[in-house]
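Colleague: Residue-level listing of the chains:
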Amino acid sequence: MSTLHTVNKSPFATQALVSCLNHAKAGDAVLMIEDGVYGGLGGTGLTEIIEEFGNNVSLYVLSPDLAARGFDADRLIDGIEGVDYDGFVALVAKHDRTQAWL
Amino acid sequence: MKIGVLVSEGPYTHQAADSAYKFVTAALAAGHEVPRVFFYHDGVNVATRLSVPPQDERHIQRNWTALAKDHGVDLVVCIAAAQRRGMLDENEATRQGKDANNLAEGFRISGLGQLIEMGIQTDRLVTFGD
Amino acid sequence: MSDVKKFLYLNRRAPYGTIYALESLEVVLIGAAFEQDVSLAFVDDGVFQLTNGQNTDGIGVKNFSPTFRALGDYDVQKLFVERESLEERGLSEDDLMEIVYEDEDDDWAEKPAIHVISRAEMADVMADADVVLSF
Numbered sequence: 001m002s003t004l005h006t007v008n009k010s011p012f013a014t015q016a017l018v019s020c021l022n023h024a025k026a027g028d029a030v031l032m033i034e035d036g037v038y039g040g041l042g043g044t045g046l047t048e049i050i051e052e053f054g055n056n057v058s059l060y061v062l063s064p065d066l067a068a069r070g071f072d073a074d075r076l077i078d079g080i081e082g083v084d085y086d087g088f089v090a091l092v093a094k095h096d097r098t099q100a101w102l
Numbered sequence: 001m002k003i004g005v006l007v008s009e010g011p012y013t014h015q016a017a018d019s020a021y022k023f024v025t026a027a028l029a030a031g032h033e034v035p036r037v038f039f040y041h042d043g044v045n046v047a048t049r050l051s052v053p054p055q056d057e058r059h060i061q062r063n064w065t066a067l068a069k070d071h072g073v074d075l076v077v078c079i080a081a082a083q084r085r086g087m088l089d090e091n092e093a094t095r096q097g098k099d100a101n102n103l104a105e106g107f108r109i110s111g112l113g114q115l116i117e118m119g120i121q122t123d124r125l126v127t128f129g130d
Numbered sequence: 001m002s003d004v005k006k007f008l009y010l011n012r013r014a015p016y017g018t019i020y021a022l023e024s025l026e027v028v029l030i031g032a033a034f035e036q037d038v039s040l041a042f043v044d045d046g047v048f049q050l051t052n053g054q055n056t057d058g059i060g061v062k063n064f065s066p067t068f069r070a071l072g073d074y075d076v077q078k079l080f081v082e083r084e085s086l087e088e089r090g091l092s093e094d095d096l097m098e099i100v101y102e103d104e105d106d107d108w109a110e111k112p113a114i115h116v117i118s119r120a121e122m123a124d125v126m127a128d129a130d131v132v133l134s135f
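Residue numbers (my numbering), protein chains in the order written: chain A, 1 to 102; chain B, 1 to 130; chain C, 1 to 135.
Just chain A, same shape as in the assembly:
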């Protein structure tokens, strides 16, 4: 049993991403959407923390939201994967439940 967590807030604005990662279990996935995609960027003050969590949890970014904000996948932290809406749907189907960190 595993969970897909969704985070839609910039980690520079709220605790949502850090709180999510603090509760996610090994085998879970975290998908950053909307302003949440800023959490996937490399070279930020939070990159190191997020990289560390990435060892246990699969991290994804919704690519259309990233592109809308002016970034390509090559700006993402190593190991974070971009997915489109089809990938979002597939992640929902793959994991047993979806939990939103609003």
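These aren't lab readings, by the way, just hints derived from the structure by calculation.
Among the hints, a few may not be true.
Here are the simulated lysine-lysine pairs, DSSO-like style, with alpha carbons at most 30 angstroms apart [unchecked claim]:
1) LYS2/B - LYS94/A
2) LYS94/A - LYS78/C
3) LYS22/B - LYS5/C
4) LYS94/A - LYS6/C
5) LYS6/C - LYS22/B
6) LYS2/B - LYS25/A
7) LYS6/C - LYS25/A
8) LYS5/C - LYS25/A
9) LYS25/A - LYS98/B
10) LYS78/C - LYS62/C
11) LYS2/B - LYS62/C
12) LYS5/C - LYS2/B
13) LYS94/A - LYS22/B
14) LYS78/C - LYS2/B
15) LYS78/C - LYS25/A
16) LYS94/A - LYS5/C
17) LYS69/B - LYS94/A
18) LYS98/B - LYS78/C
Starting from the known structure of chain A, arrange chains B and C on it as the hints suggest.
Modeller: Showing chains B and C alone in chain A's frame:
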């Protein structure tokens, strides 16, 4: 797979209603069922048929109405949240003695029980909000 | 509806500044009629929903905190509060309302509905849910 969707934020101010629309469209295209979308909190405002966005912008309410028509998605607006925010269908407007109603085609107003029922009857529940 | 699902209401926001806490509680009350297995989780600013002594006389908004104390009457008996979230906010269990329910399997003895648990335990509660409703 049956996927239920909860939309908790209003249109245009927040991306939630757009993200939910894109997600539902992709889920249907992938062959999943989306039997119901429940609109709660300011999400009820998605259902107003009085919205007139500029012509070069997406029309959020019409997009949803089309989904209901084309794919039979049950678009349910929470009655308690709707009444607070001035979202009324014809019956409710009459019952409350109001001189107008504003619920768009394809949406219906019902109770929060519909949200719980969606949680019980679907395999996944995906939330879009603030 | 023969099969019972585990519903988890995840509350991460403070009351009054936004309506989410109140409208979350409204879902809990309606949802109680469906006889599912219901738990409430209070994490991050959500713990502020349960503080004692809320007085909204001066802000023109209804004080809905007494409703939490009535949850027992709706058979809602599991309110999980995260200890780390309390501590980060300078709070302890003493700052929270007393919320009890009557245990029908134990001669209707009054028992506390609030369980202060660790972050790791909260992660277990979340991972045990079938349906998570986030507010």
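Colleague: Could you run down the list of hints and mark each one as holding or not?
Modeller: Do the hints match the structure? See the list:
no.: 1; hint: LYS2/B - LYS94/A; result: 13 angstroms, holds
no.: 2; hint: LYS94/A - LYS78/C; result: 29 angstroms, holds
no.: 3; hint: LYS22/B - LYS5/C; result: 28 angstroms, holds
no.: 4; hint: LYS94/A - LYS6/C; result: 19 angstroms, holds
no.: 5; hint: LYS6/C - LYS22/B; result: 28 angstroms, holds
no.: 6; hint: LYS2/B - LYS25/A; result: 25 angstroms, holds
no.: 7; hint: LYS6/C - LYS25/A; result: 18 angstroms, holds
no.: 8; hint: LYS5/C - LYS25/A; result: 21 angstroms, holds
no.: 9; hint: LYS25/A - LYS98/B; result: 51 angstroms, violated
no.: 10; hint: LYS78/C - LYS62/C; result: 25 angstroms, holds
no.: 11; hint: LYS2/B - LYS62/C; result: 38 angstroms, violated
no.: 12; hint: LYS5/C - LYS2/B; result: 15 angstroms, holds
no.: 13; hint: LYS94/A - LYS22/B; result: 19 angstroms, holds
no.: 14; hint: LYS78/C - LYS2/B; result: 28 angstroms, holds
no.: 15; hint: LYS78/C - LYS25/A; result: 22 angstroms, holds
no.: 16; hint: LYS94/A - LYS5/C; result: 19 angstroms, holds
no.: 17; hint: LYS69/B - LYS94/A; result: 28 angstroms, holds
no.: 18; hint: LYS98/B - LYS78/C; result: 41 angstroms, violated
Comparing the model with each numbered hint stated earlier shows that hints 9, 11, 18 do not hold.
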